[in-house]
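Each chain, letter by letter, is given below.
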Amino acid sequence: MSQFFQQYGLQILTRTSEHLWLSLLAIVGAIILGVPLGLLIARNVKWQAPILRFVNVVQIVPSLALFGLLLPILGLGKVNALAALLLFSVLPIIRNTFTGLTGIDPNVCEAARALGMTDSQMFQRVELPLAADGIVEGIRKATVWCIGITTIAAFIGVGGLGTLIQDGLRTNDNSLTLAGAIPVTLLALGADWILGHWQKTLAARRAGLVEVAPL
Amino acid sequence: MSSSQWAVECSHVEFALPGVVLSDFSLQVATGETVVLLGESDLGKTAALRLVNGLIKPDAGEISVEGRATSEWDAIELRRHVGTVLQNDGLFPHFSVAQNIGLVPELLGWESAKIEARIREMLELVNLPPDQFAHQFPAQLSDSQRQRVGIARALAANQSILLLDEPFGRLAPLAREKLRDDFAQLCRKLNKTALFATQDLRDALLLGDKIALLRKGKLSFFGTPQEFALTEDPDAVAYRATMDLPAWMASEEEVEEIAEIALPGVVEIVEVKEPGLRAKLKRAGKRLKAKF
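If you read the sequences in order, they're chains U and Z. Each residue of the first sequence is one higher than the one before, starting from 2 at the first, in my numbering. Each residue of the second sequence is one higher than the one before, starting from 1242 at the first, in my numbering.
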């Protein structure tokens, strides 16, 4: 065991950090892109069908195929991997932002307007807090997928824990395969747990079940 | 009375949307007066209220609030100036009771100490002990408590005009009666101008200084509750008939209340028998029997 760590420990660490960075960048990009797009389609019905249709189609394409399809445009490497990961992760974020915002009790919005909130006050103080747990739920789904798909991105040579799995499979070295598979599983489970916890806190706050900062 | 003395004035308002219509709708509400917009479940009443706080604009005609046309008001300023209570309370679920009530004062930039004092005052006014309720959330309250918070929220910035859209519509009969009594007291105490939409004749008779009967988007009767009970106006007669006495008087107290407070000399109780609650009433000299 200790021999194994002596041999692969450093490699596991570098691969994990590559993996994390790649997933994190893609998720941040997907949030920056997805939340405003979700807001756009919640406000503007005209854009709803085309945007949702496009991201749905992207979702259907198998992940490895998408890396391949982007190859002629973006070449082999990190840009290609990031673009594909971002495209995969953006759907749940767009969709959950959209459903979170449109699912708010219309009476609450009517009250906000009737009491004289401006549009931006209504967004910041009513809509965003009430949609927040839905949006985080989307981010959670996206993050778990993204960590998984980043493993496949190893095929186009961007590193990450997928590289260990791939090397292990190729050389029929089970312990090497597990050295990639176990950390990636833990990463996905950890992200799911952390974001799930955050989501639950936000959901409880939305339902008025926890104390918020006093007035 | 010059036009500027009306707290709310609608003149020849036309408004149409699918399912909602107001045609040639004119109404004047004097300062301090409670006018009940009475009508069956159509959206005309809600539309009338939304026209007053500028949430929708009339197709034709004009609405004035305190002598200024709604089109001349800044929309946000107008809505902060007029308190609104909605049927489904519309409380912000993620705000505590105190935050809900303090919202408009806060939007208006009041100091926090003043807001806090105001929240306590409002909670006491609607009979919710502040220490018990201020830090609760809407999800922890009963329907009738939520509606009380809604009323407190609408009054918090000392709005001089209140718009109430079927505020008791969802409440169980007993809670409804209690809240109506409290609200009637509150109205007398504060002397606010109120436009109160309801389909319940009891609300209209007990709360209104004037009743405005809406039928198919038109104002078909406008007068005091006493006049409403006596008028031969066919729409008013029809409305009274749909709400036959036994149906609209839930308890003995209510019978007495309507007879003695709202309609003195119009409905007279001859006899109330218990159990089985049978009452004999007189309306305009005619004897009526009511069963409960």
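Worth flagging that the hints you see were computed from the coordinates, not collected in a lab. Hints should not be assumed to be uniformly reliable.
[Stated by the list, open to error] So, partial list: chain Z residues that the calculated Cβ filter (under 10 Å) puts toward chain U:
(1) Glu1318
(2) Asn1329
(3) Asp1330
(4) Phe1333
(5) Leu1349
(6) Gly1350
(7) Leu1366
(8) Pro1370
(9) Gln1373
(10) Gly1391
(11) Arg1394
(12) Ala1395
(13) Gln1426
(14) Leu1427
[Unchecked claim] Here are the simulated distance ranges between beta carbons:
(15) U/Lys201 / Z/Ser1353: 43 to 53 Å
(16) Z/Glu1318 / U/Trp48: 51 to 61 Å
(17) U/Gly191 / Z/Gly1260: 32 to 42 Å
(18) U/Gly104 / Z/His1376: 21 to 31 Å
(19) Z/Val1478 / U/Trp48: 51 to 61 Å
(20) Z/Asp1372 / U/Ala50: 49 to 59 Å
(21) Z/Glu1318 / U/Ala205: 29 to 39 Å
(22) Z/Ala1482 / U/Trp48: 15 to 25 Å
(23) Z/His1376 / U/Asn108: 33 to 43 Å
The structure displayed is predicted, hence computed values, not measured ones. Ideal placement from N, C-alpha and C gives every residue a C-beta, glycine not left out.
Tested hints:
1. Glu1318: Constraint on Z/Glu1318 satisfied, holds at 7 Å.
2. Asn1329: holds, 4 Å
3. Asp1330: Hint on Z/Asp1330: holds, closest Cβ of chain U at ~7 Å, below 10 Å.
4. Phe1333: Because about 6 Å separates Z/Phe1333 from the closest Cβ in chain U, which is inside the 10 Å limit, the hint holds.
5. Leu1349: holds, 9 Å
6. Gly1350: violated, 12 Å
7. Leu1366: Hint violated; Z/Leu1366 Cβ to chain U Cβ min 18 Å, cut 10 Å.
8. Pro1370: violated, 18 Å
9. Gln1373: With a closest approach of 15 Å, the Z/Gln1373 hint is violated.
10. Gly1391: Nearest chain U Cβ about 8 Å off; hint holds.
11. Arg1394: Given a least distance of 7 Å, the restraint on Z/Arg1394 holds.
12. Ala1395: holds, 8 Å
13. Gln1426: violated, 24 Å
14. Leu1427: violated, 19 Å
15. U/Lys201 / Z/Ser1353: 43 to 53 Å: 31 Å Cβ-Cβ, so the 43 to 53 Å window is violated.
16. Z/Glu1318 / U/Trp48: 51 to 61 Å: violated, 33 Å
17. U/Gly191 / Z/Gly1260: 32 to 42 Å: Given range 32 to 42 Å: violated, Cβ gap about 52 Å.
18. U/Gly104 / Z/His1376: 21 to 31 Å: Holds, since U/Gly104 and Z/His1376 (Cβ atoms, about 27 Å apart) stay within the stated range.
19. Z/Val1478 / U/Trp48: 51 to 61 Å: Given about 53 Å between the Cβ atoms, the range holds.
20. Z/Asp1372 / U/Ala50: 49 to 59 Å: Since Z/Asp1372 and U/Ala50 have Cβ atoms about 52 Å apart, the given range 49 to 59 Å holds.
21. Z/Glu1318 / U/Ala205: 29 to 39 Å: At 36 Å between Cβs, range holds.
22. Z/Ala1482 / U/Trp48: 15 to 25 Å: Once the Cβ atoms are compared, 52 Å apart, the range 15 to 25 Å for U/Trp48 and Z/Ala1482 is violated.
23. Z/His1376 / U/Asn108: 33 to 43 Å: violated, 23 Å
Consistency with the previously given hints fails for numbers 6, 7, 8, 9, 13, 14, 15, 16, 17, 22 and 23, ordered from lowest to highest.
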